[in-house]
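A.B. asks: Under our numbering, think of the first position of the sequence shown as 18, with each following residue one higher.
Calculated directly from the structure, the hints in this document are not laboratory data.
Computed from a predicted model, the values in this text were never measured in an experiment.
Ideal Cβ positions, reconstructed from N, Cα and C, are used throughout, including at glycine.
Please note: incorrect hints may appear among the correct ones.
What the hints assert, rightly or not - With a straight-line cut-off of 30 Å between C-alpha atoms, the simulated DSS-like cross-links for lysine-lysine are: (1) K149 - K273; (2) K294 - K222; (3) K280 - K215; (4) K114 - K149; (5) K261 - K293; (6) K216 - K149.
What the hints assert, rightly or not - Distance windows between CB atoms, simulated: (7) G147 - L58: 42 to 48 Å; (8) M302 - K123: 17 to 23 Å; (9) K261 - I94: 17 to 23 Å; (10) F160 - P221: 49 to 55 Å; (11) E303 - G169: 48 to 54 Å; (12) E285 - N146: 18 to 24 Å; (13) N55 - K117: 31 to 37 Å; (14) E144 - H310: 15 to 21 Å; (15) L58 - E115: 39 to 45 Å; (16) Q187 - F160: 41 to 47 Å; (17) W31 - I167: 19 to 25 Å.
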Amino acid sequence: MVKAEDNVTVILDWFLNASHESLLAAEYSGAFKRHGLNVDLIAPADPGSPPRLLAAGQADLAISYPLQLGLLVDQHIQLVQVGFLLDHPLETLITQKEIKTIQHLKGKTIGVSAAGDESLILEAMLEHNGLKLSDLHFIVVNFQLEQALITGAVDAIIGASRNYELIDLQQRHYPVSVFFPEQNGAPIYDGLIFVAQKKAANQPKLARFMQALKEGSDYLQAHPDEVYQKAIHDHPELGTPLNKAAWNATLPLVAKNPASVDKNKMRELLHFLLEKKAIQHMYPMENYIYEIHSP
18 MVKAEDNVTV ILDWFLNASH ESLLAAEYSG AFKRHGLNVD LIAPADPGSP PRLLAAGQAD
78 LAISYPLQLG LLVDQHIQLV QVGFLLDHPL ETLITQKEIK TIQHLKGKTI GVSAAGDESL
138 ILEAMLEHNG LKLSDLHFIV VNFQLEQALI TGAVDAIIGA SRNYELIDLQ QRHYPVSVFF
198 PEQNGAPIYD GLIFVAQKKA ANQPKLARFM QALKEGSDYL QAHPDEVYQK AIHDHPELGT
258 PLNKAAWNAT LPLVAKNPAS VDKNKMRELL HFLLEKKAIQ HMYPMENYIY EIHSP
């Protein structure tokens with residue numbers, strides 16, 4: 018029996034949004050409390066910073082991306098995946114409506130954000146369709162991906178998410194074509210993952226956190242509207258048509274068993290990164306994943 022509450026600090030990948038709905042469900046359902054946890058969710062000022070803040074001892078967990086973890090481990094940063102939040106990639110390639118196939122992107126202009134590793138995914142998608150990166154023109158548009166597409170500044174954007182930007186474009190009735198990486202030569206991987214310092218991954222409170230998150234995920238699947246209503250009460254910025262649609266679109270992607278990390282997914286992703294020369298080495302799987310067992 019848990020006698021006292023342990024604090025768990027989680028640095029989010031970005032501002033609180035629908036991708037984090039199982040975390041909110043674990044809080045609202047009392048799962049964190051039942052497991053003796055006081056969980057603090059921190060939104061970072063820079064979405065590229067969470068893993069490095071974690072490595073510097075600023076938190077117990079950070080939400081990151083499998084590609085990012087593979088690159089960081091190759092740089093000898095001692096982080097490991099201990100769970101996952103979403104079991105499917107969120108990235109999409111979105112183009113102007115008249116572009117019907119990826120092959121039609123040859124000679125076109127594509128907008129990319131300054132952050133992220135979208136070029137690796139895009140390269141795989143292009144190669145799968147007989148093109149290469151040099152066949153396209155690139156413009157860095159930072160976080161103005163949608164705006165660049167709508168204004169006609171670019172013919173396509175990479176890195177936009179299927180549970181936000183794509184939905185927003187649809188709600189604006191802006192016609193687009195959409196291509197998913199996992200259907201075009203890119204490996205399938207978890208959309209968002211939990212990482213911990215390798216030396217601290219065996220803390221009992223992290224095992225309790227993952228068990229509570231599983232209970233939160235179960236509660237979310239049974240009571241999605243109830244959790245959403247509590248979320249918009251506490252976070253009014255989530256009470257918009259876009260966030261409501263994003264909430265529903267994200268629900269099928271939420272990890273049912275967050276601690277049950279698929280090693281084969283990670284192994285395929287690492288082979289992909291090695292093939293792309295994005296990493297120099299592929300280490301044993303325990304360098305990337307720590308298996309948490311139920312407390």
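A.B. asks: Which hints, by number, does the structure contradict?
C.D. replies: 1, 2, 5, 6, 8, 9, 10, 13, 14, 16
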